[in-house]
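S.K.: If you read the protein sequences in the order shown, they are chains F and E.
Count the first sequence with numbering that gives the first Met the number 0 and you get residues 0 to 374, in order.
Count the second sequence with numbering that gives the first Met the number 0 and you get residues 0 to 374, in order.
In case anyone wonders, no lab produced these hints; they're calculated from the structure.
Built from N, CA and C at the ideal position, the CB exists for glycine as well.
Take the hints with a grain of salt, since some may be wrong.
[Stated by the list, open to error] Now the in silico label distances, taken between C-beta atoms and shown as ranges:
{"#": "1", "chain 1": "F", "residue 1": "Glu65", "chain 2": "E", "residue 2": "Ile286", "range": "18 to 24 Å"}
{"#": "2", "chain 1": "E", "residue 1": "Asn179", "chain 2": "F", "residue 2": "Pro16", "range": "51 to 57 Å"}
{"#": "3", "chain 1": "E", "residue 1": "Asn275", "chain 2": "F", "residue 2": "Gly18", "range": "35 to 41 Å"}
{"#": "4", "chain 1": "E", "residue 1": "Gln75", "chain 2": "F", "residue 2": "Pro16", "range": "42 to 48 Å"}
{"#": "5", "chain 1": "F", "residue 1": "Gln172", "chain 2": "E", "residue 2": "Leu249", "range": "54 to 60 Å"}
{"#": "6", "chain 1": "F", "residue 1": "Ser302", "chain 2": "E", "residue 2": "Gln75", "range": "19 to 25 Å"}
{"#": "7", "chain 1": "E", "residue 1": "Leu249", "chain 2": "F", "residue 2": "Asn113", "range": "33 to 39 Å"}
{"#": "8", "chain 1": "F", "residue 1": "Gln5", "chain 2": "E", "residue 2": "Asn275", "range": "43 to 49 Å"}
{"#": "9", "chain 1": "E", "residue 1": "Pro16", "chain 2": "F", "residue 2": "Gln282", "range": "32 to 38 Å"}
{"#": "10", "chain 1": "E", "residue 1": "Gln75", "chain 2": "F", "residue 2": "Leu112", "range": "41 to 47 Å"}
{"#": "11", "chain 1": "E", "residue 1": "Arg204", "chain 2": "F", "residue 2": "Arg61", "range": "57 to 63 Å"}
{"#": "12", "chain 1": "E", "residue 1": "Ala4", "chain 2": "F", "residue 2": "Arg271", "range": "58 to 64 Å"}
{"#": "13", "chain 1": "F", "residue 1": "Gly18", "chain 2": "E", "residue 2": "Glu44", "range": "23 to 29 Å"}
{"#": "14", "chain 1": "F", "residue 1": "Gly97", "chain 2": "E", "residue 2": "Arg284", "range": "34 to 40 Å"}
There are 2 protein chains.
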Amino acid sequence: MAECAQTGARAGLLHTPHGVVETPVFMPVGTQGSVKGLSPRDLIEQLDLRLLLANTYHLYLRPGPEVIERLGGLHQFMGWPRAILTDSGGYQVFSLSGLRKVTQEGVLFRSHLNGDAHLFTPESTVDVQLVFGSDILMALDECLEYPASHEAARESLDRTLGWARAAFRHYRQRIQERENCGALFPIVQGSVYGDLRRRCAAELRELDADGYAIGGLSVGEPRALSLEMVEATAPLLPRDRPRYMMGVGLPEELPEYVAHGVDMMDCVLPSRNARNGCLFTSQGRLIIKQARYKDDPRPIDESCPCYACRNFSRAYLRHLFQAGEILYASLATLHNLRRYLEVMRQIRQSILAGEFPAYLNATRARALEELPAEL
Amino acid sequence: MAECAQTGARAGLLHTPHGVVETPVFMPVGTQGSVKGLSPRDLIEQLDLRLLLANTYHLYLRPGPEVIERLGGLHQFMGWPRAILTDSGGYQVFSLSGLRKVTQEGVLFRSHLNGDAHLFTPESTVDVQLVFGSDILMALDECLEYPASHEAARESLDRTLGWARAAFRHYRQRIQERENCGALFPIVQGSVYGDLRRRCAAELRELDADGYAIGGLSVGEPRALSLEMVEATAPLLPRDRPRYMMGVGLPEELPEYVAHGVDMMDCVLPSRNARNGCLFTSQGRLIIKQARYKDDPRPIDESCPCYACRNFSRAYLRHLFQAGEILYASLATLHNLRRYLEVMRQIRQSILAGEFPAYLNATRARALEELPAEL
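Assemble the whole structure, with the sequences as input and the hints as a guide.
M.R.: Written out as structure tokens, the structure is:
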């Protein structure tokens, strides 16, 4: 719909079987089939959320694809009528599970829940996501730790490429047999090596997918390196397909990724930080447990229209946090997600208005001068 | 408004500074200034809740009366626009705090939070509740454990009577100086001794209070004894004032207390049981973690109109429970409270229609035949 003349930023529309999504978009994470503490009604009425992420690894282990299938698919199971993107399970296998063994075929691992052995293959993870009925599916990839040697990254990359091709072969066959299937995205890997990232992007491009993800970043490498890798990768991906940067970011980083041509992002940051007492506001970060908020009658953010900011004081939220009350988690998560979606809205508006560079500069200036003191 | 010809049941209206409450009424418990997992909006829009209970002991310790006063009182602090009843703090001092020492003056205790020493007197607990702005305040009483000897109960009773008189003396003075004060209720004690209960009721009656509570029951004594004590006490209380039975009960017990002339009840049961996986339905109790619900597509209760029952399956709720998801607590609590309020609504309707004895008998019959198997 619109492209920034000076940066790589784009604004568009993503059409899914469960509705239209305005891009660039940030996806809240509903790991176990629930965005922690928020009901579908909160997500729709309070946030007008269009797209969320659910984790294949977790849902595969519990409650399992059979249960979800029997209950009519993931949307019906969750009571979520809009779009769902499921990741491939690759990241969690490598970060959460116990002993695991990678082969050409896939990855054998032990459940972190009960130690049972399972095998994920590119084909099986496509099947699981088709059973879920995800609007966007992700191809199984291997997520390397950081740092990794160029050789290890290259070897892993070749495996990921093989898995991507296998996933697409299988997917293309399956969609002949099923109705209403979502779109499969492959994931660009290559660690922090520009040459590997470029090769991977070029090879995955040949799959002619409906969208492409950039994975294996935000795993401990310096932020500048993450952006460098996006810069190496994004221009090689098809211009008319969405680019999904996985696992990012902080509010001030969102426009940076958009500036590099990213259309989709996901992160547990807003929800997890909320529960841990760190709230994002238009004036910077606020740590709710601090004594200064004990009798502060102001809302978290004067400019925020969310239910939490319209009805409750910092003092009350701090009280709920200190008291370990469940309501704190719901209100704080609602607020942080509202903040993130507001940032994305502002980014998108500025792109459509041809003013994104100014918005980006304003964000950078604000991040520089953000003082933790007077909030 | 209506009285049952055969039993002691009554239906009426309780007028408070924050709205009218239909009696008999069940009050959900918002211990620390929040009904766990539910926002004020949920309570109003989903349950049309008119009155809830908050604990003076907890709120006095954290965040404290000064903070609440500075934030405009408890209603404003909580964002709860309807009625609040606060208990005196007596029960928690005796059940939660560490070392404590009872004197004629009051009770010295150590906070369960940090061990600090505090003194509760009949006067100070009235003042704290006036600062909170409660619609109904409770007078400080001494809660004996069960069992207690007649002598210990008598000695405790005399102290409680002295405290009640001191509380009312102080309260009557204070309400000359303040506007919009709530009503103070004294609490009938006397352990499981009918003679003590009757004497206490008669003496408290002389305080000419706006309502009376029956306390010190549901502390481990057999249910039959609790009802016996209510039967001994209620008829001695003024007919035109509400009777508040503290700390009860299970769904099938609610009509029993109403039959003995009780107009108000409170209990953590519906909310706590919800969080622990025990759901109350029109067909009996349901333990959500049971394997039989793993792929059960039905709502918790087919006849329940709550948000949880209208949108989610038992399978999903079970999944959320197993997964430790926050949303489970909110949905389950919402459902159980809806169930309790529905039972109260049915009780009240039957009294107004002159059909309460039939309702009571139907409840008794259903409780007898309740089979845990097919649900």
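S.K.: Against the structure, test the hints numbered earlier, and report the numbers of the ones violated in rising order.
M.R.: Number 8 - this is the single hint that the structure violates.
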